[in-house]
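Based on the hints, put chains B and S in the right spot on chain Y.
Taken in order, these protein sequences are the chains called Y, B and S. This note's numbering applies: residue 1 is where the first sequence begins, and numbers increase by one. This note's numbering applies: residue 306 is where the second sequence begins, and numbers increase by one. This note's numbering applies: residue 599 is where the third sequence begins, and numbers increase by one.
None of these hints come from the bench; they were simulated from the model. From a predicted model like this one, the values you see are computed outputs, not experimental measurements. Take these hints with a grain of salt, some might be off.
[To be verified] With a cut-off of at most 20 Å between alpha-carbon atoms, the simulated EDC-like pairs for lysine to aspartate or glutamate come out as follows:
(1) K265/Y with D249/Y
(2) K24/Y with E483/B
(3) K560/B with E146/Y
(4) K881/S with E963/S
(5) K560/B with D140/Y
(6) K728/S with E488/B
Chain residues, written in single-letter form:
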Amino acid sequence: MAMTTTAQTAAKNPRATLQDWLPKLVLAPSFALILLFVYGFILFTAVLSFTGSKLLPDFSAWVGFNNYVRLFNHPNWITSLKNLAIFSFLYIVICSVLGLGLAILLDQKIRGEGVLRPIYLYPMALSFIVTGVAWKWFLDPGIGLEHVMHLWGWESFSFRWIKDGKMAIYTIVIAAIWQSSGFVMAMFLAGLRGVDNEVIKAAQIDGASTITIYRRIIIPLMRPVFLSAFVVLAHLAIKSYDLVVAMTDGGPGTATWTPALFMQKFTFGRNEMGMGASSAIIMMIMIFSIIVPYLYSELGGGKKQ
Amino acid sequence: MSVPSQDNAARTGIFARAIIYSALILFAIYYLLPLYVMLVNSLKPLDEIRQGNMLSLPQQWTFEPWRSAWSTAQIGVSPTGLKPYFLNSIMMVAPAVALSTILGALNGYVLTKWRFKGDNLVFGLMLLACFIPFQIVLIPSARILGILGLAGSIPGLILIHMVYGLGFTTLFFRNYYEAFPTELIRAAQIDGASFFQIFRRILLPSSGPIIVVTVIWQFTNIWNDFLFGSSFSSVDSIPITVALNNLVNSSTGVKEYNVHFAGAILAALPTLIVYIVSGRYFVRGLMAGAVKG
Amino acid sequence: MSFLQINELHKSFGATHILKGINLEIEEGGFLVLVGPSGCGKSTLLNTIAGLEPITSGEIRINGNQVNDLHPSKRDIAMVFQSYALYPNMTVGQNIAFGMEIRGVPKAERDKAIADVANLLQIGHLLDRKPSQLSGGQRQRVAMGRALVRDPQVFLFDEPLSNLDAKLRIDMRTEIKRLHQRMKTTIVYVTHDQIEAMTLATKIAVLKDGLLQQFGTPAEIYNDPVNMFVADFMGSPAMNLVPATIVTEGNKLAVKLDRGERQPILLPLSGGPAGLSAYNGKKVIFGIRPEALTDPDGADRNASQLATADCHIEVVEPAGSDTFAVTALGGKHVVARLRADANVKPGTTTPLAFNLTKAVFFDPESQNRIS
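Same shape as in the complex, but just chain Y:
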């Protein structure tokens, strides 16, 4: 890597010395901001999570791992984790399957691909708040889907998941999939288009059917795309906050709490800053345990380049 290094001429006169330092000087403010606002703040929150801070940070009230113990004994946190598990599993699996499926269908030399592709993808441009508003009312039994079915004469149709504590989390899954699956489709489509044409021709000459070619050759080649999609979706899932706020605000009751919502509610709503901090630390550990190995392999451990 260092082989490609551009000149850094060690120089004797002061002007050249300034030029030598200039690159680092230019980078320094950004790096300092990141160090403080990201790593410094993580440290701050980590320390805070060992204190009994309530409304304001209070570093004198050292409680050790107490917050973590309370956290994992708290029914709302357990609900949050369960919801996160349901949400991320369905969100990741369905987005990937739907994304891959749509990409494969679109890859069949479709007339009108130029029209369809942007339609699948536009939800990604919308905020989770707008997405939430749209789906909140669309799934609302009073005016939404159920109401429409009744008007169409299907009187017995019932769809009130959003009001049902057991099912509400699934409505959030539906909205989230709507928002993100087009993007996963775009990733897979780019992957499919990147497959070497000659490999496919060779398989055709070997007599493989279209389905066999996809199953045995193309989809296995999509492994890196699956990995990227997984990382992006898992990351979005763990951070999921806006959508829940817009659709259910955690309700009915605490049925749709997620860790991100928990952190917010405890820190700013219930003035349990210490516990809020510990929940944020757990969230970070979850994300980093996915991201760090991924980045490490992508960057080749900083050595491969």
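Using the frame of chain Y, we list chains B and S on its own:
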């Protein structure tokens, strides 16, 4: 662009093609439905929504919900509509996008063309910063904004968005400049160009595409942000997403669905326009953000 | 006094030692070619001369001044890059004048300099175009124009012809040689192409693994390679390097070349390098260039030592101007260069003349030449 399955497609039967097209169109309906629902219902009087069919076109067209959402709807305590919050968002987004893009470009330039010992570590730390759950920085951020006297202000939000956008903007420019021939930098050095002259005269004129990608990415992210907006704004600095949520989820009064839909479309309009005008770059930005490193 | 001097130059990247003590010098107006396989350090050496990469230790002097710590733009050098490195956003004219613009040269003066260079290189009609609108050969010319306009003390060329197709490469090679003869400026030129090195250089430096193998005129490098690497690297087709044994034939030394089941060939030596007597009865590597191994009619009449032996021809490769014949000696394929109309057929046996005046011998252990 090569279409690997060209020859496959030719052999697929008409029946199969029909199924493929039906599936694709069905999904198109699935993706369009919520937008359609928002649009038609934002043009109906409230009674028609309550009694009528959500999926049918308005019997009585009205722009009143739009006018209301924009300028008279009750948001929080005051009947101002979304307009002031829309302006807040613009005042917040423009400088935050500009600053983070400029810094990202300079960082990318240094990290690819002026390598130094430990540059990979610096980049790695900046990259990892893209992925932190922002909940972890909320408490100290609020403190630092208070210390700086920026709590609850638009400059405070600008600072926060700029800092937490730096990782991505640096990543974009770094990956772009990585492919920029280093020999050009060397030639310019021999020609006597300084650090900033090389950046301004040689790199910047070739950076058009990545600037567009970065600006779109940052614009979309910051415009659509809710977490920072809801955590660090006060009455005067509330951004549009937070205002929309307040409008929709206020527990008092009658639920004016038509106004909510009109408001939602208003809040989505800038990013939708960006997407329609430059979808190609938008997608490229998403991909660049997805394939880190 | 030499114009460009490199003393004990070392260069490391971290733990990797790229250049391991290089000593070189070239006189004013000389044409120094650095040649070697990829990864030998030749481009790094050029970059250190340019000041684009810092050196670890040692000294670089241009016209008597130490330039170790000078910024590239202060060294009074100009460089032509392998990729040409034309600024894509500027026109040809702006590319050529960029350095002057940075130095604050007035516009009128710049325009005159551009016109002069454009005239010299016949690129006047291209001045308003962008690099992307030029062909490879035109880009090459513009890159040279950008270097020429600086009127530097030393020109540095980093494999400038490697991106051109074969025919254009030969044309530009001639062009560079013509320019050098006309401008009489010192040139340092990096290439991996030994023919370029031979045709252009007044001095050649052969590098391998960061070490200078041999430094001399093209004729010295070609005729008197110091080791097997240089012998093998310079020349096309490459020198034949055949395992052989030195024996005594009468009161003279002779080279014995084994041929498997066939009778070995004995080539009597008169003279030969003095050090060879120490190898009596031992193995050596016998080096003979294809042009020194010919059909008897095509042999050099002036050669003082000519030995003829019947050889079994395996493959015949007519190349138009010459015919190459491949035979097996000492377990190796050996190429002989015959006249174009030489009557040889594969599978037959034909006499070949060994011009032993041109033969060289190497120690099989050290791979160094026996002198």
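Violated hints - listed by number, lowest first = Violated hints: none; all satisfied.
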